[in-house]
Amino acid sequence: EPEVTQTPSHQVTQMGQEVILRCVPISNHLYFYWYRQILGQKVEFLVSFYNNEISEKSEIFDDQFSVERPDGSNFTLKIRSTKLEDSAMYFCASSEPNYGYTFGSGTRLTVV
Amino acid sequence: GESVGLHLPTLSVQEGDNSIINCAYSNSASDYFIWYKQESGKGPQFIIDIRSNMDKRQGQRVTVLLNKTVKHLSLQIAATQPGDSAVYFCAESWSDSGYSTLTFGKGTMLLVSP
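From first to last, the protein sequence lines stand for chains A and B.
Mind the numbering: the first sequence is residues 1 to 112 in the numbering used here, read in order.
Mind the numbering: the second sequence is residues 1 to 114 in the numbering used here, read in order.
Bound-form chain A, shown alone:
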């Protein structure tokens, strides 16, 4: 069964450092997403991406965040200068028209 793959599974970074979270969506999917989940809380939408541009973003997705599809397979989330409150599980997802999402297993980001 096709999977969304995320790397790394766990990333520890110092406050103020830049991090890049990587995702390989399912190959024939057209829509890509990042969601995050702070420990013990609900999953929150960050950004959606289609046709090489952001289609929607939430209030959380401020200027510190950016997304990129650098080649035909990867989809990345960059946090420019991490803050303690960025510590969370970050989930990548992809979907195709008229079908639901497939989520990856997530990257646990710990900012110290």
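No lab work stands behind these hints: they were computed from the structure.
Virtual Cβ for every residue (Gly too), placed ideally from N, Cα, C.
Careful: at least some of the hints might be erroneous.
Claimed, not checked - Label pairs and their calculated CB-CB ranges: (1) A/Pro97 - B/Met54: 18 to 26 Å; (2) A/Ser55 - B/Ser26: 17 to 25 Å; (3) A/Pro70 - B/Asp17: 46 to 54 Å; (4) B/Gln58 - A/Lys83: 42 to 50 Å; (5) A/Ser9 - B/Met54: 32 to 40 Å; (6) A/Arg80 - B/Gly16: 46 to 54 Å; (7) B/Ile20 - A/Ile20: 37 to 45 Å; (8) B/Gly16 - A/Val24: 35 to 43 Å; (9) A/Glu59 - B/Gln45: 25 to 33 Å; (10) A/Gln17 - B/Ser113: 37 to 45 Å; (11) A/Pro70 - B/Trp94: 28 to 36 Å; (12) B/Ser74 - A/Ser58: 25 to 33 Å.
Here the structure of chain A is known, so what remains is to put chain B in place on it, guided by the hints.
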């Protein structure tokens, strides 16, 4: 108000029991609803969905009920098994087209004892 933090509503059942997990959604304009299962350290996994023009949908061992009047969604799991132990989230969306964003509920932890 909304509760935040580490406390999740928990439903504890015995193996073989039927489980019912409830969810109140927020947006009366939502047109599509999904239940997800999340096991520890993993991403949300699709269980079953329902569109707003339906009030019931059945899958294998699972049934979703939708009451649009009171904006309530429930997930029924028949003959619950230890492998069903996980956190269950409902999610709502304005479209089932595959490109709309999901708004997740708070989650319920299901604990199944043998």
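Comparing the hints with the structure gives:
Between A/Pro97 and B/Met54 the C-beta distance comes to about 20 Å, which sits within the given range of 18 to 26 Å. About 22 Å separates the C-beta atoms of A/Ser55 and B/Ser26, a value consistent with the hinted range of 17 to 25 Å. The beta-carbon spacing between A/Pro70 and B/Asp17, approximately 49 Å, falls within the hinted interval of 46 to 54 Å. The hinted range of 42 to 50 Å is satisfied by B/Gln58 and A/Lys83, whose Cβ atoms lie roughly 45 Å apart.
For A/Ser9 paired with B/Met54, a C-beta distance near 37 Å keeps the hint of 32 to 40 Å intact. The hinted range of 46 to 54 Å is satisfied by A/Arg80 and B/Gly16, whose Cβ atoms lie roughly 52 Å apart. Under the hint 37 to 45 Å, the C-beta atoms of B/Ile20 and A/Ile20, about 42 Å apart, fit the expected range. Take B/Gly16 and A/Val24: their Cβ atoms lie about 40 Å apart, and the range 35 to 43 Å holds.
Separation of A/Glu59 from B/Gln45 is about 27 Å and conforms to the stated range, judged on CB atoms against 25 to 33 Å. Between A/Gln17 and B/Ser113 the Cβ separation comes to about 43 Å, which falls inside the hinted range of 37 to 45 Å. Evaluation of the 28 to 36 Å hint for A/Pro70 and B/Trp94 yields a pass: the beta carbon distance comes to about 30 Å. With their beta carbons about 27 Å apart, B/Ser74 and A/Ser58 fall inside the hinted range of 25 to 33 Å.
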